Amino acid sequence: MRLRKGQKPAKRMAHVWDSSRCIACGACVMACTATNSPEMMFREEKGWGSVASNIRRIDSVTRQGRPQMMLVQCQHCENAPCVSNCPFGAVYYDNDGLVRLDPRMCAGCSYCVTSCPYNVRWFHPDSGLPKKCMGDGCLELVKHGLKPACVQACPAMARDYGDLNDPDSSVSETLRRKRSRRLLEHTGTEPKYFIVEGS
Amino acid sequence: MTPVDLHFQADIAHWSWTIAWFLWFVGIAGMGSVAYYFVRSKPLSFVIFGSLVLGLLFVVSHLSRWWNLPVVVWTMVVNGHFNFGSWMLIGVLLLSVHLVLAAVIVIGNLPGLLARLGWLRWTARLGNNLPFLALFGFVGFFCTIYSGFLISQAVGIPLWNTALIPVLWVVSGSLAVVAILEMFYVFNVVDHRVSYFSSRIGLGLDATKLLAVLAFLHVSLAVGAPAGARLGATEMVSGDLAMMTWVGVIGIGILVPLAVGVYMALVRDSKPLLFISSIAALTGVLLLRAVILLAGVWEPLAL
Numbered sequence: 001m002r003l004r005k006g007q008k009p010a011k012r013m014a015h016v017w018d019s020s021r022c023i024a025c026g027a028c029v030m031a032c033t034a035t036n037s038p039e040m041m042f043r044e045e046k047g048w049g050s051v052a053s054n055i056r057r058i059d060s061v062t063r064q065g066r067p068q069m070m071l072v073q074c075q076h077c078e079n080a081p082c083v084s085n086c087p088f089g090a091v092y093y094d095n096d097g098l099v100r101l102d103p104r105m106c107a108g109c110s111y112c113v114t115s116c117p118y119n120v121r122w123f124h125p126d127s128g129l130p131k132k133c134m135g136d137g138c139l140e141l142v143k144h145g146l147k148p149a150c151v152q153a154c155p156a157m158a159r160d161y162g163d164l165n166d167p168d169s170s171v172s173e174t175l176r177r178k179r180s181r182r183l184l185e186h187t188g189t190e191p192k193y194f195i196v197e198g199s
Numbered sequence: 001m002t003p004v005d006l007h008f009q010a011d012i013a014h015w016s017w018t019i020a021w022f023l024w025f026v027g028i029a030g031m032g033s034v035a036y037y038f039v040r041s042k043p044l045s046f047v048i049f050g051s052l053v054l055g056l057l058f059v060v061s062h063l064s065r066w067w068n069l070p071v072v073v074w075t076m077v078v079n080g081h082f083n084f085g086s087w088m089l090i091g092v093l094l095l096s097v098h099l100v101l102a103a104v105i106v107i108g109n110l111p112g113l114l115a116r117l118g119w120l121r122w123t124a125r126l127g128n129n130l131p132f133l134a135l136f137g138f139v140g141f142f143c144t145i146y147s148g149f150l151i152s153q154a155v156g157i158p159l160w161n162t163a164l165i166p167v168l169w170v171v172s173g174s175l176a177v178v179a180i181l182e183m184f185y186v187f188n189v190v191d192h193r194v195s196y197f198s199s200r201i202g203l204g205l206d207a208t209k210l211l212a213v214l215a216f217l218h219v220s221l222a223v224g225a226p227a228g229a230r231l232g233a234t235e236m237v238s239g240d241l242a243m244m245t246w247v248g249v250i251g252i253g254i255l256v257p258l259a260v261g262v263y264m265a266l267v268r269d270s271k272p273l274l275f276i277s278s279i280a281a282l283t284g285v286l287l288l289r290a291v292i293l294l295a296g297v298w299e300p301l302a303l
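Taken in sequence, the protein lines are chains A and B. Here the first sequence stands for residues 1 to 199, where the numbers follow our numbering. Here the second sequence stands for residues 1 to 303, where the numbers follow our numbering.
Hints are computed from structural coordinates only; laboratory data are not their basis. Everything numeric in this text was worked out from a predicted model, so none of it was measured. One or more hints might be untrue.
[What the hints assert, rightly or not] With beta-carbon atoms standing in for the labels, derived distance ranges:
no. : chain 1 : residue 1 : chain 2 : residue 2 : range
1   : B       : Gly80     : A       : Glu197    : 29 to 35 angstroms
2   : A       : Ile23     : B       : Gly239    : 34 to 40 angstroms
3   : A       : Pro167    : B       : Ala302    : 30 to 36 angstroms
4   : A       : Leu139    : B       : Pro70     : 25 to 31 angstroms
5   : B       : Pro43     : A       : Leu139    : 45 to 51 angstroms
6   : B       : Gly224    : A       : Asn165    : 35 to 41 angstroms
Backbone N, C-alpha and C define an ideal beta-carbon position, used for all residues, glycine too.
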């Protein structure tokens, strides 16, 4: 259900990535593509130079020479610039607090792509749609009471998805117990993607 | 050190030359409408209308789902769902109004058509009506302003998040119109007074544009600016886009017209030089838009 302006969502669904548990196997990235855009399994996202997935993997090296890896995806921001900037109202909040795209209302102007500070949208070469988390496959899984594909595929239990409004949800519990951070908080987007950094 | 997570928006969002041409045409049409209040020249009205049409064609051709646009507009109107918080929607509405006003001015400038279609004579009357021309100028001015805020509101690209961009667009759009008027003088479309007046204004605008471009680079490179802004500005100053910035935008686009303007003010009038200066100014205005678009990168999330 599309929320009207000023309306609060019933739930505040959030993604959690525990970087201290992650083994960088990439199973979540591949599970995401296989579930949401299987036709892209062997096609590259040219802009990123990697597999077309709603999860972007950034491999780098620290100043001390230690390899590090980060997974980034749609943060389902509570103050999302892609929602406020979309000229046609194609990008919207739903009742679960997720940022969604209505393909019928999208003309492919890519304003949502340049409006996102996290660079997590990619253009589907066939439909011209700016794709991102959550894809249709994962939304279908969630509708049936299952976890998204990335959470199910993770062998290290490093990923989770749940309601921040529910104090008993697994994500609320993890965020209470462990130290976490959000990306680019200074931009005021109020992201709901949490990176757990340790206990 | 170049971060690993460095992505140019032109590779992903594809806001590059097509959008640069769009912004160039909107700047010409917008500031041309302001000039039309003072210089009511028939060829200028054609330039304004033609620029608007071409600009709109460029921007529509950029849409990855352009075929869906009629459905989107229809659904928006039927549902009454307009996102007035988006500069792009404001721009769509402004450009639509501007196109209609420009069409009225153009039709009013076609006596042959008016003789055949008498019911359109009201356009000629409106075309000489000062409040209508003022409205035309204001809408044009706001279209140029919009084209700047369109870029600066794209919060994913820190280089663009500055109010200097609308200012740059207005100044450079005005310079483009000055160049067109000088071109008109070269081809004897307008008289010497228009050229004299516009070249004197052009001198001031050139100096202002130079200051604004340097201020834009300085602000983006300053300590404390977001890393994405600094990386983008570094591309413009000393990276792959440096040639376009220093030779194209500043050399050809500002210094050549400035030098010709000073020469003509102090020494003598020269139509060939004026022609070269006009082409250089118009090229510089396009390159300014292109280089700022092409230099846009996201804030790196990792080193």
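For each hint, the structure was consulted:
1. B/Gly80 / A/Glu197: 29 to 35 angstroms: Given a distance of about 46 angstroms, which is not inside 29 to 35 angstroms, the answer is violated.
2. A/Ile23 / B/Gly239: 34 to 40 angstroms: Holds, at about 36 angstroms.
3. A/Pro167 / B/Ala302: 30 to 36 angstroms: holds, 32 angstroms
4. A/Leu139 / B/Pro70: 25 to 31 angstroms: holds, 27 angstroms
5. B/Pro43 / A/Leu139: 45 to 51 angstroms: violated, 56 angstroms
6. B/Gly224 / A/Asn165: 35 to 41 angstroms: holds, 37 angstroms
Hints 1 and 5 from the list above are not met by this structure, while the remaining hints are.
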